[in-house]
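Peer 1: Note that the protein sequences, when read in sequence, are chains R and S.
Here full-length UniProt numbering is used: the first residue of the first sequence is 1, the next is one more, and so on.
Here full-length UniProt numbering is used: the first residue of the second sequence is 1, the next is one more, and so on.
Quick caveat, the hints were computed from the structure, so don't treat them as lab data.
One or more of the hints may lead you astray.
Quick partial rundown of chain R residues pointing at chain S, CB under 8 angstroms, derived from the structure [what the hints assert, rightly or not]:
{"hint": "1", "residue": "189"}
{"hint": "2", "residue": "192"}
{"hint": "3", "residue": "206"}
{"hint": "4", "residue": "291"}
{"hint": "5", "residue": "295"}
Positions of the beta carbon are idealized from the N, C-alpha and C atoms, including for glycine.
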Amino acid sequence: MTDIDKTAEPADTPAAGAEAIKAIPVRHYGRYVAAVIAIALLVAIIYAFGQGKINWNAVPDYFFDDRIMTGVSKTLLLTVLSMLIGIVGGILLAVMRLSKNPVTSSIAWFYIWFFRGTPVLVQLFLWFNLGLVFEYINLMPFYKDYWSNFMTPLLTALLGLGLNEAAYMAEICRAGLLAVDEGQTEAAHALGMSHSRTLRRVVIPQAMRVIVPPTGNEVINMLKTTSLVAAVQYPELFRYAQDIGQNSGAPVEMYFLAAAWYLIMTSVLSVGQYYIERYYARGSSRQLPPTPWQKVKANMLSLGRPKGAVGA
Amino acid sequence: MTDKLSKTQDTPVEGTVPMVKAQGVHKSFGHVEVLKGIDLEVKPGEVFCLIGPSGSGKSTFLRCINHLEKINAGRLYVDGELVGYRQQGDKLYELRDREVAMKRRDIGMVFQRFNLFPHMTALENVMEAPVQVKGANRSQAKERAMQLLERVGLADRAGHYPSQLSGGQQQRVAIARALAMEPKLMLFDEPTSALDPELVGDVLDVMRDLAESGMTMVVVTHEMGFAREVGDSLVFMDDGVVVESGHPRDVLTSPQHERTQSFLSKVL
């Protein structure tokens, strides 16, 4: 792990032979004032919440309640499945938009135009009520039923969230594919690689570096957006929290509880995103930055050493 | 040293099928005509240098040879076969993506901007095409790739990513990558133009070594010293046409054409 040594090295060790400068640093009084004001405001806000009419004890009481846990797992399920639909659909749409075939590229354009241009909540309601247009669903030999029976709340939620997400993912994927230098494609072609192999082995791995960070954002966004599906009768974390709140007479407390759970989940996702980004950054910079864990280890090592005694 | 690569003829052989043959090759980008009828022949085992001012069409011509650019008129043959098309009777059929890729396997290309795959180490760059395109066994491909890296003097950098290598080192890896497909023809598109002057020598050494092993090479270059020492034929291009051709020594020391004279007086 050579990268640890680099960061552990103190930045301002005086050069050997030269006399180190000892000067009185400039005092930034403005910074002290700003810090005091900020802390005072923070304390005031915490105090306000603490003495308000909120029964904080209700939060830990229900934190691991069965219904909340079911809600959490359903929220995660919705996030994962609709992101899957979004990513697969997005890649497909991006390839369609970049294709030389004017029909497929304009269809993709139209799709993105529609699904990005209307609110998800409206789309969810549209899917839910599409029974007015299609009375039956008829997949000839396999399946036949009334639309309202077929369109369960879960399916409505998945289609609503997933198809909307596909439009955003399409733009992210397209930007990623376009960001790869054309010389890369040429070099791969010159080596005798076919079009699809070039895409798979050379272009997509490099496009990922551009695609992953915004996709991470999309996942986190999706996790929060799932709270909208309460509107189409699919119960998830927010809906369960609301129900418990109404039954137990602690509605606001349950909102705080839901917020805490959303924060926990998004925080875990952010950590995952960090490591995926790191993986796709290989080769793009000379030295990968140390992971937080490596930083902690490096700091612990350097703490053991007396200050200024670091020679190497 | 030389036997690792020598699978082609040692000396140019007269009377055989030319490695590259161009007959009245035209190429336009939109309304701009870049190549205005190029006729030339590259013999097997020859080092063929293309020189000329920028914008003269020499790089474009090079890119036509492996069909990175489509020609608009004329005929272009590599090893006796038409590039990019199939002729049946008097009709030309465009080749499919897969067929074009098949033909490119035998033609190595080295770019001005190296174009190494940045997400792969030097070794992986060299192994990529044999494994992916030829379906070579991984361990054999690795062994062969190490030999090639050793040949270009970079065996100790096998595990480095391109961003950790200097320009000269990257270009030498790029040459090894092209050689890994065991091509019968190598195209060099200004291989030293993007390099610091002190790094040019290493790359030229590798190319000189390759020429001695009998590889057929078409080299677009501004390195007149290299052309004179290593080249077997030289063509001076300007404004999309071949102005003058002959043995490098003759063309470079006693150019006949006025345009060649004025160009050489500026670069030499």
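Peer 1: Flag every earlier hint the structure violates by its number, smallest first.
Peer 2: 4 and 5
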